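Same order as they appear, the protein sequences are chains A and B. Read left to right, the first sequence gives residues 1 to 257 (my numbering). Read left to right, the second sequence gives residues 258 to 480 (my numbering).
Note that these hints are calculated values from the structure, not bench results. All values reported here derive from a predicted model rather than from experimental measurement. Careful, some of the hints might be misleading.
Some chain B residues near chain A, calculated using beta-carbon distances under 8 Å [unchecked claim]: (1) L264; (2) K268; (3) I272; (4) R275; (5) S276; (6) S334; (7) D335; (8) A337; (9) D339; (10) G340; (11) L341; (12) S344; (13) I346.
Ideal Cβ placement from N, Cα and C applies to all residues, glycine included.
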Amino acid sequence: MAPVALPSSAVSLRDAVALSGRFPLLAGIDLEVAVGETVLVEGPNGAGKTSLLRVCAGLVPLASGHLSVLGLDPSRNRTVVRRRVGLLSHASHLYDDLTVRENVRFAVRAAGGDVSRIDPACERWDLVGRLAKTSAGKLSAGQRRRVALAVLTARWPELWLLDEPHAGLDASARTLLDRAVLEAAAVGVTVIIASHESGPVEDLASRAVTVTGGRVTAERSLHGVGGGSTQPALGTDVQIADVHVGHVKEARVAHVA
Amino acid sequence: MWRDAALIAGKDLRIEGRSRVALSQVAPFGIVALVLFAFALGPDRQVMAKGAPGLFWVAVLFCTVLAIQRSVSVESSDGASDGLRLSGIDPAGLYLGKAVAVAAQLIVLEALLAAGVVLLYGARIAVPWMIVVSCVLGTIGLAATGTLYGALSSGLRVRETLLPFLLLPIAVPVLLAGTRIWQAAMAGGTPSSGMAWLRLLLVFDVVYLAAGVVLFGPIQETA
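Build out the structure end to end from the sequences listed, making use of the hints.
Right, here's the structure in full:
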């Protein structure tokens with residue numbers, strides 16, 4: 001039996017356009033993320049970072065262009081792709097009338113995940129004891145975020161899409177999150193982190209791309225650990241920018257696919 | 258599909274068990290509607306008993322709208338519907354699960370409303386099994402259509418007003434058939450007089466359940 005060929009790119013977007021009505025969410029974006037790579041997507045509010053993650057999760061369809069997630073077309077393999085992708089978004093996707101543990105259990109079972117991971121995930125995010133039996137409606141924003149993170153780590157998908165992951169978390173939870181991302185990267189999980197504050201998450205990523213106006217406008221290397229199993233397979237030239245305060249230096253670099 | 262349906266139905270019924278919206282808000286609303294109908298018809302018990310079948314099903318329709326709106330709002334808060342889509346859950350299972358949960362709530366509501374009709378309007382039921390079968394088939398039809406149209410209106414800001422506008426006209430066959438079966442059951446005539454209407458309900462249920470299983474996924478993605 002011939003071995004199954006693994007995709008070199010976890011995410012491949014080429015000239016991707018996504019619309020909300022007639023408003024462009026993504027305006028011809030090109031991005032390649034290698035399997036096992038951790039990439040930081042930075043940019044100002046409204047730049048298209050959240051839309052980029054939602055497109056990668058298969059929640060927003062492309063109007064034109066090409067998208068491949070884990071080697072699959074999300075529009076044709078919706079269920080398969082979604083089960084292999086985890087999105088930590090602004091919303092926590094919780095039911096207020098269910099307890100913390102019931103929410104985690106439901107989310108993991110709905111995603112076809114391994115229920116034996118539920119307890120370790122709840123323990124990781126300190127969702128134990130009385131808190132585990134508390135209704136989600138009574139939780140603070142930070143606690144809801146931790147429940148969403150417990151769902152993500154219990155599911156342990158192959159591609160993590162983290163939208164402003166530190167938002168609402170206290171210092172200890174941020175540390176736990178950073179540790180979880182590093183742990184995931186170490187075992188080959190691909191992570192894309194969107195943040196308008198790049199500082200706190202730069203150490204986690206090997207590369208940062210800047211999104212502005214729904215396009216990738218700059219790219220730079222970081223010193224984080226999430227380097228990926230292969231180099232990004234870029235089929236076209238990309239603009240690399242070293243961003244300094246008040247000064248932007250651009251260099252054109254040709255990547256060989 | 259069946260595993261997902263059981264998961265969703267269990268989740269929705271557990272939420273209802275905690276919030277008790279159907280029992281504490283929808284059921285009293287249905288009873289109040291029956292009382293108001295009684296006021297509107299006047300004190301003549303014969304007139305009330307004659308109108309009981311239609312008034313029962315109108316009250317059930319109003320309660321269905323509220324139950325469906327509740328079912329939709331559960332998925333609207335905190336991006337829960339996105340969470341379900343992201344989980345990769347089978348849309349057909351999701352549809353069936355939500356419909357089963359709505360149907361279970363409606364059955365309880367109908368039992369309360371039926372008791373209300375007997376007590377308030379003095380309705381006498383000669384063939385009880387026809388009432389039971391009509392309620393079961395009517396409930397399946399209402400839950401099937403309501404869940405489908407609830408998904409259709411879920412992404413819209415005007416969903417509270419749009420849902421009754423979409424659902425009530427579509428539910429007319431249930432209203433008509435349910436009323437005729439109740440009339441036959443109350444008149445004590447031969448069961449065959451209500452059989453044609455029972456068959457109509459059955460066809461309605463099959464058509465809308467099939468449509469829901471097929472269309473719920475695409476509707477959910479575009480809503």
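Are any of the numbered hints broken by this structure? If so, which, sorted upward?
none
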